[in-house]
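Undergrad: Sequence:
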Amino acid sequence: MKIIMKPIMLFLCAALLQACSVEKIISSDDMPSTENGTFTENGRFFVAGGSFIYEVKSAGGEAYRHEILVSGDISGEPCIFSGMTSTGNTIYATCTIFVPTDENILGLRPTTASLYRIDLDNGYIDTVLLPYLDDNFAANGMAV
Numbered sequence: 041m042k043i044i045m046k047p048i049m050l051f052l053c054a055a056l057l058q059a060c061s062v063e064k065i066i067s068s069d070d071m072p073s074t075e076n077g078t079f080t081e082n083g084r085f086f087v088a089g090g091s092f093i094y095e096v097k098s099a100g101g102e103a104y105r106h107e108i109l110v111s112g113d114i115s116g117e118p119c120i121f122s123g124m125t126s127t128g129n130t131i132y133a134t135c136t137i138f139v140p141t142d143e144n145i146l147g148l149r150p151t152t153a154s155l156y157r158i159d160l161d162n163g164y165i166d167t168v169l170l171p172y173l174d175d176n177f178a179a180n181g182m183a184v
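The sequence shown runs 41 to 184 under our numbering.
Source of the hints: derived by calculation from the structure; they are not laboratory data.
Among the hints, erroneous ones may be present.
[As the list claims (entries may be wrong)] Distance condition first, Cα-Cα at most 20 angstroms in a straight line; then the derived EDC-like pairs of lysine to aspartate or glutamate:
no. : residue 1 : residue 2
1   : Lys-97    : Asp-166
2   : Lys-97    : Asp-159
3   : Lys-97    : Glu-81
4   : Lys-97    : Asp-113
5   : Lys-97    : Glu-75
Produce the complete structure using the sequences and hints provided.
TA: Below, the structure is given as C-alpha cells:
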C-alpha cells in the first residue's frame with residue numbers, strides 16, 4: 041500500500057504546487073541578492089540583500105517600494121548581509137567579507153564579519169566585530 045501511495049502523494053503535491061502563483065512585487069534589479077527577511081514587533085518588514093538592508097513599504101494598493109536602511113561595511117570595505125532576525129523593534133544581522141577560494145565547497149572564505157544591531161525606535165546602530173571565523177563559516181539564519 042505504501043509503495044502505491046507515495047507516487048500518488050508526490051503527484052498530488054506537484055499538482056498543488058502548479059496552482060500556486062508567485063508574484064514579484066519588487067524587481068530583483070532594485071533589490072539584488074535578497075535572501076533573509078524579518079518583521080518587527082510593530083509590523084515593519086525588512087529584507088537583507090547584498091550589502092544592504094532594505095525596508096519594504098506599501099506604496100498604496102498592491103504597490104510596494106523599498107528604502108535602504110543600512111549599507112554594510114567593515115572598516116570601509118563592503119560586506120554581505122546574510123543572517124538576520126529581529127526582536128521587538130531591534131534588528132540583528134551579520135555582515136561578512138568573503139574572498140574567493142578553492143579550499144571549500146562554498147568557493148568563498150570569510151575573512152571578517154560583524155554583527156549589526158539596529159534599534160529602530162531611536163535610530164541607533166552599532167556593530168561588533170566577530171572573532172576568528174572557521175573557513176567554512178557563513179551565517180545564514182539567526183534567531184533570538
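Undergrad: Now tell me if each hint is right for this structure.
TA: Each hint tested on the structure:
1. With a CA separation close to 24 angstroms, the supplied pair Lys-97 and Asp-166 exceeds the 20 angstroms bound.
2. Taking the CA atoms of Lys-97 and Asp-159, the gap is about 18 angstroms. The hint holds against a cut of 20 angstroms.
3. For a cut-off of 20 angstroms, the pair hint linking Lys-97 to Glu-81 stands: about 15 angstroms separates their Cα positions.
4. For the hint linking Lys-97 to Asp-113, the alpha-carbon distance of about 24 angstroms lies beyond 20 angstroms, and the restraint is violated.
5. As the CA atoms of Lys-97 and Glu-75 are separated by approximately 17 angstroms, the hinted pair is consistent with the 20 angstroms bound.
Hints 1, 4, counting from the list given before, are not met by this structure.
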